[in-house]
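Sequence lines, in order, name chains A and B.
As numbered in the working numbering, residues 1 to 283 make up the first sequence, in order.
As numbered in the working numbering, residues 1 to 184 make up the second sequence, in order.
A few of these clues could be false.
DSSO-like mimics (lysine-lysine), calculated; alpha carbons at most 30 Å apart, straight line [to be verified]:
(1) A:62 / B:124
(2) A:5 / B:153
(3) B:65 / A:5
(4) B:17 / A:40
(5) B:124 / A:50
(6) B:88 / A:51
(7) A:276 / A:62
(8) A:276 / A:255
(9) A:50 / A:178
(10) A:62 / A:40
(11) A:178 / B:153
(12) B:153 / A:40
(13) A:125 / A:142
(14) A:50 / A:142
(15) B:65 / A:276
(16) B:124 / A:5
(17) A:21 / B:88
(18) B:153 / A:51
(19) B:17 / B:88
(20) B:153 / A:276
(21) A:142 / B:88
(22) A:40 / B:124
(23) A:21 / A:5
(24) A:276 / B:124
(25) A:125 / A:276
(26) A:163 / A:276
(27) A:178 / A:255
(28) A:163 / A:178
(29) A:21 / B:65
(30) A:21 / A:50
(31) A:178 / A:125
(32) B:88 / A:62
(33) A:51 / B:124
(34) A:142 / A:178
(35) A:142 / B:17
Read the hints as simulated data drawn from the structure, not as lab findings.
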Amino acid sequence: MKTSKEFDNILDECLERLLVKGETIEQCLQDYPEQAAELKPLLQTALVAKKASAIQPRAEFKARARYQFRSAFQEVASKRSRPFFGWLPRWATVVTIVLVLLLAGGGTVAAAGNSMPDNPLYPVKLTTEQVRLTLTLSQIGKARLCAQLADRRVAEIIYMANKGDAQQVELITQRLDKRLVMLAVLVSAREVSGAPKAALAPPAEEAPPPAPAPSEEAGGNRDVYAQADDRAQLRMTVARYAVNHPAALLAVLEKSPESAKPALRRAIAVLVAGYKRALEALD
Amino acid sequence: MQNEESLVRRAQQHDQKAFAQLYEEHFDKIYRYVTLRIGNETEAEDMTQQVFLNALQSISSFRWKGVPFSAWLFRIAHNQVVDHLRRKKHTAVPLDESLASKDNNPQSVAEHELDIEQLLLATKQLTEAQREVISLRFTSELSIAQVAKVMDKSQGAVKALQHSAIVALREAILVTDNENKQRI
Numbered sequence: 001m002k003t004s005k006e007f008d009n010i011l012d013e014c015l016e017r018l019l020v021k022g023e024t025i026e027q028c029l030q031d032y033p034e035q036a037a038e039l040k041p042l043l044q045t046a047l048v049a050k051k052a053s054a055i056q057p058r059a060e061f062k063a064r065a066r067y068q069f070r071s072a073f074q075e076v077a078s079k080r081s082r083p084f085f086g087w088l089p090r091w092a093t094v095v096t097i098v099l100v101l102l103l104a105g106g107g108t109v110a111a112a113g114n115s116m117p118d119n120p121l122y123p124v125k126l127t128t129e130q131v132r133l134t135l136t137l138s139q140i141g142k143a144r145l146c147a148q149l150a151d152r153r154v155a156e157i158i159y160m161a162n163k164g165d166a167q168q169v170e171l172i173t174q175r176l177d178k179r180l181v182m183l184a185v186l187v188s189a190r191e192v193s194g195a196p197k198a199a200l201a202p203p204a205e206e207a208p209p210p211a212p213a214p215s216e217e218a219g220g221n222r223d224v225y226a227q228a229d230d231r232a233q234l235r236m237t238v239a240r241y242a243v244n245h246p247a248a249l250l251a252v253l254e255k256s257p258e259s260a261k262p263a264l265r266r267a268i269a270v271l272v273a274g275y276k277r278a279l280e281a282l283d
Numbered sequence: 001m002q003n004e005e006s007l008v009r010r011a012q013q014h015d016q017k018a019f020a021q022l023y024e025e026h027f028d029k030i031y032r033y034v035t036l037r038i039g040n041e042t043e044a045e046d047m048t049q050q051v052f053l054n055a056l057q058s059i060s061s062f063r064w065k066g067v068p069f070s071a072w073l074f075r076i077a078h079n080q081v082v083d084h085l086r087r088k089k090h091t092a093v094p095l096d097e098s099l100a101s102k103d104n105n106p107q108s109v110a111e112h113e114l115d116i117e118q119l120l121l122a123t124k125q126l127t128e129a130q131r132e133v134i135s136l137r138f139t140s141e142l143s144i145a146q147v148a149k150v151m152d153k154s155q156g157a158v159k160a161l162q163h164s165a166i167v168a169l170r171e172a173i174l175v176t177d178n179e180n181k182q183r184i
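Take the sequences, apply the hints, and build the full model.
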């Protein structure tokens with residue numbers, strides 16, 4: 001056993017010299033003539049394995065991932081900093097927003113609900129959506145709302161594409177992407193708290209006691225079941241959208257003006273990638 | 001290390017520049033690690049993005065207790081890969097009898113002009129743990145100490161695993177290469 005451990009150490013030392021310090025195989029073998037016959041093929045294999053370090057992500061993927069990460073970062077940062085109402089306690093923020101909405105007139109807000117991007121009331125629609133997101137407290141509720149908003153964005157893309165307005169299609173696609181990123185972040189939050197076992201979970205002595213058996217029907221358990229049910233329902237919605245939304249845009253693509261086609265193709269790519277990510281996070 | 005510690009602290013306080021720097025420093029390495037573990041570049045792209053979204057969500061829980069940030073990040077990637085493989089019910093292809101015997105082939109592995117796809121194919125012959133140590137050590141270029149943190153093993157155990165992984169990879173490469181020659 002001792003010999004094996006010694007050999008493991010020698011092999012590791014040679015790997016460090018080879019891969020980090022840039023020495024040659026022969027230099028290593030000279031220092032360990034007795035182990036040279038066994039070492040040589042292993043060091044040669046390590047050099048071959050090192051080839052995998054040439055694997056590089058595609059530039060297009062890197063750019064897309066960077067953009068989406070930045071969107072997610074801003075989403076998380078804005079949620080925590082609350083720049084406009086940061087000086088107010090949370091309840092006061094909610095009351096202020098509700099008052100503003102009432103003063104703006106319920107009719108206006110309702111009318112804006114169905115407005116399209118070429119309508120003067122469209123900014124009211126976007127503001128109302130933002131307020132709804134702020135007022136929704138639960139992660140799963142926010143995620144559900146993000147899915148609904150994605151559905152609205154798709155309807156808007158179809159409307160603007162039929163009008164041949166590529167610029168608006170691009171702008172709506174950016175908003176759509178932001179909602180899909182937010183959806184994935186929100187539903188992955190639960191997974192994060194449990195997944196990185198060693199790095200994130202508390203040490204054994206701090207770990208919470210095991211959950212009681214389902215038959216005990218404690219209030220906490222009912223919450224857990226309700227959350228699981230909410231997630232399952234959301235997953236069904238997202239799975240349906242993942243099929244229907246790209247299909248709807250593909251149908252529009254066939255008959256839309258040439259000028260709108262590149263923007264529509266980008267929108268389809270954003271949809272496919274966004275829903276795929278969200279579904280994986282929901283699983 | 002101190003520099004990374006201050007970067008992480010700033011990222012925890014939502015400093016976008018600090019987080020962007022950590023992201024850029026680790027993105028390619030995490031991508032390579034995931035690619036080699038699951039052997040599918042499209043899935044690796046999605047998973048790499050998810051690793052960083054998870055890190056963004058949970059960075060406030062990261063505590064600097066001598067565990068480098070990279071080890072924490074790779075730990076997130078590791079757990080995600082494990083979940084993914086469990087979902088896909090993907091099992092490592094066991095080495096067949098001919099592979100298990102000691103190789104007496106005089107051919108030098110270094111002479112084999114393997115491309116990356118062949119290498120990926122060869123790593124699929126390894127066990128999960130062997131593939132992980134090869135990926136962390138040779139493609140993501142982590143030290144033995146860092147690999148030990150990610151894999152939650154002692155350094156001695158990682159060295160032994162590294163040894164067995166290289167032996168298995170050498171055998172898998174030789175078999176993959178022979179199969180290719182027979183096809184030609």
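Evaluated hints:
1. A:62 / B:124: holds, 26 Å
2. A:5 / B:153: holds, 15 Å
3. B:65 / A:5: Judged against 30 Å, a Cα distance of about 29 Å means the pair holds.
4. B:17 / A:40: violated, 45 Å
5. B:124 / A:50: Roughly 16 Å between the alpha carbons, so the hint for residue 124 of chain B and residue 50 of chain A holds.
6. B:88 / A:51: holds, 27 Å
7. A:276 / A:62: With Cα atoms ~17 Å apart, residue 276 of chain A and residue 62 of chain A stay inside 30 Å; holds.
8. A:276 / A:255: Holds. Residue 276 of chain A to residue 255 of chain A sits at ~26 Å (cutoff 30 Å).
9. A:50 / A:178: violated, 38 Å
10. A:62 / A:40: violated, 38 Å
11. A:178 / B:153: Violated, at roughly 39 Å.
12. B:153 / A:40: holds, 27 Å
13. A:125 / A:142: holds, 17 Å
14. A:50 / A:142: violated, 44 Å
15. B:65 / A:276: With Cα atoms ~36 Å apart, residue 65 of chain B and residue 276 of chain A exceed 30 Å; violated.
16. B:124 / A:5: holds, 27 Å
17. A:21 / B:88: violated, 40 Å
18. B:153 / A:51: Distance ~26 Å between residue 153 of chain B and residue 51 of chain A Cα, so the pair holds.
19. B:17 / B:88: Violated - the C-alpha atoms of residue 88 of chain B and residue 17 of chain B are around 37 Å apart, more than 30 Å.
20. B:153 / A:276: violated, 34 Å
21. A:142 / B:88: The hint holds at about 29 Å.
22. A:40 / B:124: Within the cut-off at roughly 23 Å; holds.
23. A:21 / A:5: holds, 23 Å
24. A:276 / B:124: holds, 25 Å
25. A:125 / A:276: holds, 27 Å
26. A:163 / A:276: Judged against 30 Å, a Cα distance of about 29 Å means the pair holds.
27. A:178 / A:255: holds, 27 Å
28. A:163 / A:178: holds, 24 Å
29. A:21 / B:65: holds, 28 Å
30. A:21 / A:50: holds, 14 Å
31. A:178 / A:125: holds, 16 Å
32. B:88 / A:62: holds, 25 Å
33. A:51 / B:124: holds, 16 Å
34. A:142 / A:178: holds, 13 Å
35. A:142 / B:17: With a Cα-Cα distance of about 27 Å, the restraint between residue 142 of chain A and residue 17 of chain B holds, given a limit of 30 Å.
In summary, the numbered hints that this structure violates are 4, 9, 10, 11, 14, 15, 17, 19, 20.
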